[in-house]
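Q: This is what each chain is made of:
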Amino acid sequence: MKVMVCVKRVVDYNVRIQVKPDESGVVTEGVKMSMNPFDEIAVEEALRLKEAGKVDEIVAVTIGPQQAQEQLRTALAMGADRAILVQSDEAVQPLTAARVFAELARKEEPGVVLMGKQAIDDDQGQTGQMTAALWQRPQATFASKVEIEGESAKVTREIDAGLETIEVDLPAVITTDLRLNEPRYVKLPDIMKAKKKTIDNTTVDDLGVEAAKPLKLTRTAPPPARQGGKKVESVQELVSELKNKGLI
Amino acid sequence: MSKVLIIAEHEGGKLGAATGKAVRCAQDLNAEALEVAVFVHEGGDEVAGAAAKLEGVTKVLKVTNPANENALAAVLAPQVVSLAQDGYTHVLVGNSTFGKDLMPRVAALLGVPQVSDVMKVESEYVFARPIYAGNAITTVEAPDDQVLCATVRGASYPAAGEGGSAEVEDRQVDAEVPGHTRFVGREVHKSDRPDLATAPKVVSGGRGVGSEENFKLIYSLADKFGAAVGASRAAVDAGYVPNDMQVGQTGKIIAPELYIAIGISGAIQHWAGIKDAGTIVAINKDEEAPIFEVADLGLVGDLFEAVPELEKALDQA
Ligand SMILES: Cc1cc2nc3c(=O)[nH]c(=O)nc-3n(C[C@H](O)[C@H](O)[C@H](O)COP(=O)(O)OP(=O)(O)OC[C@H]3O[C@@H](n4cnc5c(N)ncnc54)[C@H](O)[C@@H]3O)c2cc1C
Ligand SMILES: Nc1ncnc2c1ncn2[C@@H]1O[C@H](COP(=O)(O)O)[C@@H](O)[C@H]1O
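Sequence order for the protein chains is A and B. Counting with this note's numbering, you get residues 1 to 248 for the letters of the first sequence. Counting with this note's numbering, you get residues 1001 to 1317 for the letters of the second sequence.
Think of the hints as simulated: they come from the structure by calculation, not from any bench. None of these values were measured; they are calculated from a predicted model. By construction, the Cβ of each residue, glycine as well, lies at the ideal position given by its N, Cα and C atoms. Hints are supplied without guarantee of correctness; some may be wrong.
FRET-style restraints, in silico, Cβ to Cβ [unchecked claim]: (1) V31(A) - D1286(B): 24 to 34 Å; (2) G1043(B) - P222(A): 44 to 54 Å; (3) T218(A) - H1041(B): 34 to 44 Å.
I would like the entire structure built from these sequences, with the hints used as guidance.
A: Written out as structure tokens, the structure is:
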């Protein structure tokens, strides 16, 4: 079975982002970029499935600018077998991304498409479910445990009330939650080895995918500022402050 | 004028809090019709009745199908899509895990984009939503010639009032539901404490609490406040508490009047979940912890001393 893993290039999760003064967006120039953390978890899960003998090929896919090759290289260094860069200098929104991934899924015919539950830049949380819908296949979102059993997968999902387990026929889309696994660190020799692996280039147009009507971003602003930073010296003082505020 | 369809979330015969919030958001859409769809496998009068009471709701549509016993996005989506094509301009759901799972599937089947986590309605097709864990707020404009699909950020809206009395209609829906997705089981962590998502007071513990055993301190303090209990990701990952207690960018985003963070450093991902809280209190032994930059009231100290002391002080207060 083949697994397709979608990895997005995003601003590193440790960066404190800045809104551009003209409110046209967030500053990304000169900022550290990384693989979306949930996608690292997706790559790791694919590797574990391969190590367990359930999977024989892992294809990493990204839609992004030329530099998104770096994230594909990371996936290859972690252990993915090959990669596809769908080059797009403009950011694509989830519906268009899902059309691309559904098209690639039809071409590549993976048994599982692994994706993150959300990309931490736009926090949309849509692409996996949309890909599943367009591919007309099941979705198992927010996965914290994945068991492949023959033609189906048993997936435990993190839901608001606790945990839910569902069974989906394969092929299916699975989106990862934080506790699915802990991604491995990439070792230097693996980075060297990954340089020999192939990255195929294509574009949204080449795939014959029609871009969806996008949402127009009209303005990006910082959130309302909070006045914090006051300290109390003792538990007694804390209690009297809370009393003043009518909270006890 | 818009015609809004809201997908109800329910569990064990109770309407979910996220639905009342979605209805509250829909009130800002200049709606001539505001209808709530309740998908059930049988019965459902209690849930439909609760939805009919929500202020602003003009009608409740009860859709019965044996396949709806457990809420599965792949099973519900074709039914929602079939309903949505009945002249609705907007389809809304709360941004609980139920809504987050379902709505993108609906939007894709309808061939339209989705607006995730609506915080504010600027106009019928213009919305504010958070990006980068709430570190920026973006305003998006959706095409006005297509159905608009959106999830509503619970922390941004109170629940709709309960003065309404809409009619409940049994609605037949033609949709082919797939058999490729099956429910296996659910492990729900029952608690007598208030619901974390909606509680006015929340006490949370982080890695600093140190163990599942030590979390008793947090529960005990929460009980003194009548508060719900939350946790940081690190506390969940370490197994001190179950996953449904995680607060933050990728856990629950909440807006209680009072939030007390104990042994939590205040990473941006955690902060994302509590930005809208009224008063934030932090107890941490490291005076450099980032949580102090944003807390309204910070107490530097060892939680194992401060928490029991606080509990005692509350008894006397
Ligand atoms: C993609 C992604 C998503 C994430 N989503 C979330 C999320 O939704 N929610 C979330 O919380 N995190 C999330 N995180 C993790 C986040 O980055 C932090 O790692 C996490 O919040 C840290 O938890 P903590 O504050 O409990 O632990 P730590 O950062 O280890 O802090 C523990 C604190 O306890 C204090 N302490 C220790 N002992 C005592 C004592 N005896 N008395 C008083 N204080 C003490 C320490 O001074 C320290 O400040 C996410 C991370 C990523 C990459
Ligand atoms: N441009 C992209 N390139 C690669 N993967 C993507 C892209 N956009 C979304 N994804 C995948 O979809 C998941 C959810 O993204 P989102 O719906 O944007 O929150 C991500 O974790 C990725 O796995």
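Q: Taking the hints in turn, state whether each one holds.
A: These are the hints, each one checked on the structure:
1. One distance hint, 24 to 34 Å for the beta-carbon pair V31(A) and D1286(B), holds here, with the actual separation near 27 Å.
2. The hinted range of 44 to 54 Å is satisfied by G1043(B) and P222(A), whose Cβ atoms lie roughly 48 Å apart.
3. The hinted window of 34 to 44 Å between T218(A) and H1041(B) holds, with their beta carbons roughly 43 Å apart.
Of the numbered hints stated above, none is contradicted by the structure.
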